[in-house]
Amino acid sequence: MASKKTNKNSKKNRQKGSQKNQKQTNQKAVKKETNDKVPPPQKKKESKATPAKEKTANGSSMNRIFFNFIALFVAVIFIKIIFQPVDNDPDKFNVGYDWLMNKMLKGNLELIEQNPDLSTKEKYLAKGGGVDVDYLYKIKDATDSNDVLFFPPRYLLKKIGFKKIVSIAYATYFLYPRKVYYSDSASIVVPPDATKIVSFNDFGIDQNVEVPEVREQFMILKIKK
Amino acid sequence: MLLFFLIFIVGFLVVSCIVQSSNIFERLFLGMPIGLGLTTMLLFLYNSIFGSYSLTSVFIMVILLLLVSGAYFFLRVYSKERFQKLFKLDFSQVNLWVLAFLGIVAYLVWGISTKNLFFPVTSTDAVMGYDLLAKAIANEGTLFNSVLLDEDLVKGCGPRLMYPPLAPYSFSLAHMLDFESSKILTTFFYVSYVGAFLVLLTKISNLTSAMFFTFFVVIIPEMFAHGSFALTNIPASAYAILSVVCILIWHQKKDVSYLVLATLLSSLMLWTRNDTIFVFVGIQLAILFLMLRKKNFKYNLIYAASILPFIVWAIASKMMIPKELDSIFVDHLFYDSEKLNKLLDRCYTILTSKTLYGISFNLFIVVLLAHIVAIFKRKDNWFLLTILFSSLIGYTLIFYQISDENGFLFAANGGWLDSGYKRGLFTYVPLFFVYMSQSEYVKKGFDFIHRKLIKG
Numbered sequence: 001m002a003s004k005k006t007n008k009n010s011k012k013n014r015q016k017g018s019q020k021n022q023k024q025t026n027q028k029a030v031k032k033e034t035n036d037k038v039p040p041p042q043k044k045k046e047s048k049a050t051p052a053k054e055k056t057a058n059g060s061s062m063n064r065i066f067f068n069f070i071a072l073f074v075a076v077i078f079i080k081i082i083f084q085p086v087d088n089d090p091d092k093f094n095v096g097y098d099w100l101m102n103k104m105l106k107g108n109l110e111l112i113e114q115n116p117d118l119s120t121k122e123k124y125l126a127k128g129g130g131v132d133v134d135y136l137y138k139i140k141d142a143t144d145s146n147d148v149l150f151f152p153p154r155y156l157l158k159k160i161g162f163k164k165i166v167s168i169a170y171a172t173y174f175l176y177p178r179k180v181y182y183s184d185s186a187s188i189v190v191p192p193d194a195t196k197i198v199s200f201n202d203f204g205i206d207q208n209v210e211v212p213e214v215r216e217q218f219m220i221l222k223i224k225k
Numbered sequence: 001m002l003l004f005f006l007i008f009i010v011g012f013l014v015v016s017c018i019v020q021s022s023n024i025f026e027r028l029f030l031g032m033p034i035g036l037g038l039t040t041m042l043l044f045l046y047n048s049i050f051g052s053y054s055l056t057s058v059f060i061m062v063i064l065l066l067l068v069s070g071a072y073f074f075l076r077v078y079s080k081e082r083f084q085k086l087f088k089l090d091f092s093q094v095n096l097w098v099l100a101f102l103g104i105v106a107y108l109v110w111g112i113s114t115k116n117l118f119f120p121v122t123s124t125d126a127v128m129g130y131d132l133l134a135k136a137i138a139n140e141g142t143l144f145n146s147v148l149l150d151e152d153l154v155k156g157c158g159p160r161l162m163y164p165p166l167a168p169y170s171f172s173l174a175h176m177l178d179f180e181s182s183k184i185l186t187t188f189f190y191v192s193y194v195g196a197f198l199v200l201l202t203k204i205s206n207l208t209s210a211m212f213f214t215f216f217v218v219i220i221p222e223m224f225a226h227g228s229f230a231l232t233n234i235p236a237s238a239y240a241i242l243s244v245v246c247i248l249i250w251h252q253k254k255d256v257s258y259l260v261l262a263t264l265l266s267s268l269m270l271w272t273r274n275d276t277i278f279v280f281v282g283i284q285l286a287i288l289f290l291m292l293r294k295k296n297f298k299y300n301l302i303y304a305a306s307i308l309p310f311i312v313w314a315i316a317s318k319m320m321i322p323k324e325l326d327s328i329f330v331d332h333l334f335y336d337s338e339k340l341n342k343l344l345d346r347c348y349t350i351l352t353s354k355t356l357y358g359i360s361f362n363l364f365i366v367v368l369l370a371h372i373v374a375i376f377k378r379k380d381n382w383f384l385l386t387i388l389f390s391s392l393i394g395y396t397l398i399f400y401q402i403s404d405e406n407g408f409l410f411a412a413n414g415g416w417l418d419s420g421y422k423r424g425l426f427t428y429v430p431l432f433f434v435y436m437s438q439s440e441y442v443k444k445g446f447d448f449i450h451r452k453l454i455k456g
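Protein sequence lines correspond, in order, to chains A and B.
Under my numbering, the first residue of the first sequence carries the number 1, and numbering increases by one thereafter.
Under my numbering, the first residue of the second sequence carries the number 1, and numbering increases by one thereafter.
There's no promise every hint is true.
[Claimed, not checked] Cross-link-like lysine-lysine pairs, in silico, DSSO-like; alpha carbons within 27 angstroms at most:
hint, chain 1, residue 1, chain 2, residue 2
1, B, Lys254, A, Lys80
2, B, Lys318, A, Lys121
3, B, Lys379, B, Lys443
4, A, Lys127, A, Lys106
5, A, Lys158, B, Lys155
6, B, Lys379, A, Lys106
7, A, Lys163, B, Lys295
8, A, Lys140, A, Lys163
9, B, Lys422, A, Lys163
10, A, Lys179, B, Lys295
11, A, Lys103, B, Lys115
12, B, Lys318, B, Lys254
13, A, Lys92, B, Lys452
14, B, Lys422, A, Lys103
15, A, Lys140, A, Lys123
16, A, Lys92, B, Lys379
17, B, Lys452, B, Lys203
18, A, Lys159, A, Lys140
19, B, Lys155, A, Lys164
20, A, Lys127, B, Lys422
21, B, Lys377, B, Lys295
22, A, Lys123, A, Lys80
23, A, Lys127, B, Lys444
24, A, Lys127, A, Lys163
25, A, Lys123, B, Lys115
26, A, Lys140, B, Lys155
27, B, Lys115, A, Lys164
28, B, Lys115, A, Lys163
29, A, Lys127, A, Lys140
30, A, Lys159, B, Lys294
31, B, Lys115, A, Lys80
32, B, Lys294, B, Lys422
33, B, Lys318, A, Lys179
34, A, Lys80, B, Lys452
35, A, Lys127, A, Lys159
36, A, Lys123, A, Lys106
37, A, Lys106, B, Lys422
38, B, Lys254, A, Lys164
39, A, Lys80, B, Lys253
40, B, Lys253, B, Lys422
Note that these hints are calculated values from the structure, not bench results.
Note that the structure is a prediction, hence the values are computed from the model and not measured.
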C-alpha cells in the first residue's frame with residue numbers, strides 16, 4: 001500500500017512540475033527501488049513496447065536512408081544540369097554556370113597544372129601583360145629601388161606600341177618604390193631629382209647623361225650629377 | 001603567416017565575446033574578416049596619432065588587440081562548461097543532400113582559391129589602385145604615403161584611392177611579410193564569406209535549405225570570378241551580406257548580440273567601400289519601421305554606431321588627399337526621363353544577364369511573385385524585403401546622379417554601369433537567395449524535405 005501511495009504521489013508531483021517535490025519523489029522512488037527486489041510492472045510495458053518501437057525505428061531509419069539516396073540522386077542530377085556545357089549559347093539558362101565551371105575554372109586549373117613553376121613575370125605574361133610588363137621588368141632589373149626615372153612622352157611610348165606603360169599608376173605599380181616622371185610632349189625638361197632616363201629610340205641621348213658605347217633601341221641612361 | 005594567425009585569433013575572440021552563444025563554426029569563419037577589419041582600424045589610428053609604423057609595430061599592435069580581447073574573453077565570457085560545449089559538434093542535421101552540395105561548393109572554393117593564389121595581381125583596379133597603395137603602405141608604414149599624397153598618381157588612379165582603406169591596409173600586410181602577392185587576402189575574405197554565410201544562414205533556416213542556397217550564392221558567375229581578384233568588392237559584399245543575415249537573426253531570434261555583431265560587420269563594410277552606405281540605410285529603415293509602433297529607437301541607435309568609420313574616412317580623406325579630381329556626380333537634383341529610362345533599362349539588362357548572375361534574378365522574381373499574397377496579407381519577410389529593396393533602389397539611383405558628359409556612364413565594357421554597377425550588385429544578388437530561403441512556401445518545402453532526410 002505504502003509503495004502504491006508513493007507512486008501516486010510521484011505522478012502528481014511530476015504533473016505539478018515542482019522541483020522540490022520532484023526531488024522528494026525521486027528520493028522516495030529510489031528508496032522504493034532499493035527495497036523492492038522485483039522491479040515495478042513498468043517492465044512488462046517495456047517488454048511489449050520495445051519491438052513496436054524498434055519496428056518504427058527500423059522503418060523510419062529505412063525511410064531516412066531511402067530519402068537520403070533519392071536526395072543525393074536529385075542533387076547530383078541537379079548539379080550536372082547546372083554545369084552542363086552549352087557552347088556559349090547566351091539563351092541557355094546556365095550559360096554563366098557553364099562558363100565558370102567548364103571554361104574559366106577548368107582552363108585556369110589546367111594551366112596551373114601544366115606550368116606549376118612559372119615565375120611571377122611569366123605569370124603576368126600568361127595573363128596578357130604583354131610587351132608593357134616585359135619592359136617594366138627590364139627597367140626594374142636595370143635600376144635601383146631609390147632611382148627616380150624619367151620616361152619619354154606618352155605619345156612616343158604609344159607610337160612604339162606600349163599601351164599600359166603610359167599610365168603613371170600602372171608603371172609605378174611595377175617600379176615602386178622608384179618614382180616615375182613622363183617627359184612633356186613639347187620639350188624635354190629633366191626633373192632635378194631624376195637619376196635615370198628610360199630611353200627608347202635615342203630619347204634623352206642629348207641630355208646630360210652617360211651615353212653607352214653601343215646604342216640600342218631600349219636603354220637606361222644614367223644622368224650625370 | 002604567424003601575423004595572420006594572430007589576427008584570426010583576435011577576430012575569433014571578438015566574435016566569442018560579442019555572441020556568447022555562437023558556435024565554433026561562426027567563430028572560425030568570422031574570425032579572419034573581423035580580425036583583419038579591426039587590425040586595419042588600429043593601423044589607421046596609429047598612422048593618425050604616431051605616424052609611420054614598422055612590421056614589429058604591427059606585431060605589437062596585433063598582440064595588444066589579442067591581449068585586450070583575450071582578457072575580456074577570459075574574465076567575462078569564458079566558462080569551462082561553455083568551452084566544452086563549444087567543441088561538442090552536432091552533425092545530426094547532415095544528410096546526403098547537404099554533402100552533395102557541400103562537396104561541389106568545397107571544390108569550387110578550392111578551385112578559385114588555387115587560381116587566386118597562383119596568379120599575381122593583374123586586375124586594373126588593383127594595379128592602378130588598391131594594391132599600388134598597399135605596396136606604398138607596406139614600404140612607408142603609413143597610409144598617407146608617397147602614392148596617396150602624389151597629385152599625379154591620385155589623378156592617374158581615379159577614384160580608387162578615395163575608397164576607405166580596409167582593403168589597401170589588409171593587402172599591405174602581405175607585402176610587409178614579403179609574400180609573392182597580396183592575393184592571399186582575397187582568399188581569406190572569400191573562404192570566410194562562403195563559410196560564414198552558410199553557418200549564419202543555418203541559424204534562420206535548416207541545413208538542407210542553407211546548403212542549397214549557399215551553393216547558388218557561390219555559383220553567381222561574376223562574383224565567383226572575383227574570388228580570384230584583389231579588389232574591394234568581395235570584402236565589402238561579404239561584410240554587407242553577413243551584416244544583413246545577422247540583422248535577420250536578431251529580428252527572428254530576438255538575440256541582441258547579433259545586432260551588435262551586425263553593427264561591427266557594417267562598420268567594417270563602410271570601412272571598405274563608400275557605396276555600401278545604402279545597405280546601412282536599408283537596415284536602418286527596416287529597424288525603424290519595426291520599432292515605429294513601439295517608439296523604441298534604441299536599436300536604431302545601436303546600429304547607427306556602424307557609420308562612425310564612414311564619417312572618420314570622409315573627414316580624413318578630405319583633409320589629407322590632394323583631390324583635384326572633378327566630381328563624377330551632378331551637383332544638383334534633376335529629372336531627366338530619358339536618362340532615367342536608359343539607366344533603368346541598362347541596370348535591368350545587367351541584373352538579368354545570365355553570364356553575369358546566372359538565373360539569380362529570375363528565381364528571385366518567381367519566388368517573390370509566388371509570395372505576393374503572403375507579403376501583403378501576412379507581411380511575409382517584409383523586414384528583409386525592406387532592407388533589400390530600399391538599398392538596391394538607392395544604389396541604382398545613385399548612378400542616375402552620375403554625370404554622363406563624357407559618355408562614360410553608359411560606355412560598354414568599362415563604363416560606370418557595365419563595370420561599377422555590376423560589381424556593386426554582389427551585395428544584393430546573394431540577398432535574393434537569403435530572401436528565397438526565408439520565404440514562406442520555400443521554407444515550408446525545405447522544412448518538409450529536411451524532416452524526411454533526418455527523421456525518415
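Point to revise | Pairwise hint evaluation, Lys115(B) against Lys123(A), where the allowed Cα distance is 27 angstroms at most | key: Judged against 27 angstroms, a Cα distance of about 11 angstroms means the pair holds.
Point to revise | Lys158(A) paired with Lys155(B) [C-alpha distance capped at 27 angstroms] | key: OK: Lys158(A) and Lys155(B) at ~20 angstroms, within 27 angstroms.
**Study point:** 27 angstroms Cα cutoff - pair Lys115(B), Lys163(A)
**Key:** Within the cut-off at roughly 26 angstroms; holds.
Review point. Is Lys452(B) close enough to Lys203(B), meaning Cα to Cα at most 27 angstroms?
Key: holds (20 angstroms)
Exercise for review: Would you check the hint for Lys127(A) and Lys422(B), treating anything up to 27 angstroms between C-alpha atoms as holding?
Suggested key: Within the cut-off at roughly 23 angstroms; holds.
**Study point:** Given pair status - Lys254(B), Lys318(B), alpha carbons within 27 angstroms
**Key:** Outside the cut-off at roughly 40 angstroms; violated.
**Study point:** Restraint status (C-alpha distance of Lys379(B) to Lys106(A) at most 27 angstroms)
**Key:** violated (44 angstroms)
Practice item. Starting from Lys294(B), check that the Cα of Lys422(B) is at most 27 angstroms away, please. Key: With Cα atoms ~39 angstroms apart, Lys294(B) and Lys422(B) exceed 27 angstroms; violated.
Point to revise | Restraint status (C-alpha distance of Lys92(A) to Lys452(B) at most 27 angstroms) | key: violated (33 angstroms)
Check your understanding: Holds or violated: are the alpha carbons of Lys422(B) and Lys163(A) at most 27 angstroms from each other?
Key -> This hinted pair holds, its Cα atoms lying about 26 angstroms apart.
Check your understanding: CA of Lys155(B) to CA of Lys164(A), is that 27 angstroms or under?
Key -> holds (16 angstroms)
Point to revise | Satisfaction of hint between Lys121(A) and Lys318(B), Cα-Cα up to 27 angstroms | key: violated (37 angstroms)
Taken one by one, the earlier hints fail for this structure at numbers 1, 2, 6, 7, 10, 12, 13, 16, 22, 23, 30, 32, 38, 39 and 40, listed in ascending order.
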